[in-house]
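K.L.:
Chains A and B supply the protein sequences, listed in that same order.
Residue numbers for the first sequence follow my numbering, so the first one is 1 and each next one is one higher.
Residue numbers for the second sequence follow my numbering, so the first one is 1 and each next one is one higher.
The set of hints was computed from the structure by calculation and includes no laboratory data.
Here the structure is a predicted model, which is why all the values come from computation and not from measurement.
Be a bit skeptical, because a hint or two may be false.
Each pair may be met inside one copy or between any two copies, as identical chains are not told apart.
Quick list of in silico lysine-lysine cross-link-like pairs, DSSO-like style, CA-CA up to 27 angstroms [said to hold, decoys possible]:
#1 K183 - K133
#2 K56 - K79
#3 K183 - K58
#4 K30 - K56
#5 K34 - K103
#6 K79 - K58
#7 K103 - K56
#8 K183 - K79
#9 K133 - K34
#10 K79 - K30
#11 K183 - K56
#12 K58 - K69
#13 K69 - K79
#14 K56 - K133
#15 K133 - K79
#16 K133 - K69
#17 K34 - K79
#18 K103 - K30
#19 K133 - K30
Number of protein chains: 2
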Amino acid sequence: MNQRTLRKTRELEWRRQDLLVAAERLFSEKGFFKTSMVEIAEAAEFAIGTVYHFFKSKEEIYISLIEAKMEELAALMDKRIAAAASAREKLEAVIRTKLEYFKRNRNFFRIYVSEWSGFEWTIKSAFGERCWKRYQAQLDVVANLVRLGIRRGELRMVDPAEAAYALHGMLNSTIYLWMLQAKPSGSLAPKAATLLHLFFHGVDNHAWNGGAKRARPSRRPAPST
Amino acid sequence: MNQRTLRKTRELEWRRQDLLVAAERLFSEKGFFKTSMVEIAEAAEFAIGTVYHFFKSKEEIYISLIEAKMEELAALMDKRIAAAASAREKLEAVIRTKLEYFKRNRNFFRIYVSEWSGFEWTIKSAFGERCWKRYQAQLDVVANLVRLGIRRGELRMVDPAEAAYALHGMLNSTIYLWMLQAKPSGSLAPKAATLLHLFFHGVDNHAWNGGAKRARPSRRPAPST
DNA sequence: CACAAACTAGAATGATGATTCACATCAAGG
DNA sequence: CCTTGATGTGAATCATCATTCTAGTTTGTG
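Could you build the full structure based on these sequences and the hints that come with them?
P.N.:
This is the structure in structure tokens:
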């Protein structure tokens, strides 16, 4: 009987997951408001009524979704960060993990970025509040890494929060750009390396002589996109 | 008579502007979907019917709003860019202009970022398409500046599009962070300088010896936030 | 002043869509 | 075969708007 109960709850969980997966796809395609409960129900092959056995409301689905994914990402990231030694490596872990995670979770990315600045817009409740906190927490983690790096002398003195936000923005933009480009082909590592270099060293050409009239690029121009 | 007609159209334009201003505030506070036409009408002190004399639909208000602002920003930016000589200065102009513009247009910023990745979500039509193009155009401008910088040897070889996106992301994140912090007090120039430095030189502490055991930060640790 | 055009108003209309509810269906036990 | 509780169903309910429409008001003109 215990066995039975277990299987029961397990199956329940499956169905819940199915719902979340269906919802994730729809939300990522059409956004929160343009996705209707009926659509979600149909996509998951349930009747509406059933959906409401699993989730109290549309918002709850949305929030559950985001929370689960964010938690997953955070856990993964924490692990990788812990495994890295230097602040630089830890930051590299942040970059790689995020890129990798969103490579595997394209759909979620749409939701993630669109909520970044707009929780108040889609969701009001205490639910939303919780998610918002989680967002901030992620950023704090990075800010602390920067702080660490500075303390250790690896990084120059920058405002940790500012740097964290900047990195966050760079990452999101880059992922976004990458997703715009057709296929899942997925040059992943290269992007990470580029970003890392950009974040650490910027775009400046150190070897440049300062632009006096006579100046001329050492060799040939540049590549293009 | 001509006089009259002129005043007429001018007044018409005023009312139109009033509507847009009211709408901007509401949209920025509650988002597109949670803002109702009635609210907009009330905020602008008109009856709904009247609103529909000025705009064909809710979407049209939204789009008009965004287009006008984007155009304004783009024009300003183009001017500043043209006035700068080196690629570096041009990029600096981009950063400064954007910060400054959004300092003056806080409300619009909310709309701007939230639409960055989600036009398909709020708006479908050809309208939306147009705005989307404009977004891309802005990014292209920056990408071209980077390209220019590379050609001139001022910047190292980076993927122009990637760099442009990264900068865009950094900027948005930074503005966002800045807006989170209470007042309009507005440390603006400092932020711009920081960002510029970050974009050009990254966070790396060039002077660092590489972290050998014996290594120790040249001087004292670091500040915090 | 009378008439038309341009405005303004706000109630009525119609859709849409979240949520609820009364009614199946199914599994297990007796 | 019947009962019970857990599930699943989808039509009906209820709200919320965007949009339309009819009617009142103001402004300009002859």
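K.L.:
Among all the numbered hints in the text so far, which are the ones the structure does not match?
P.N.:
2, 3, 6, 7, 8, 10, 11, 17
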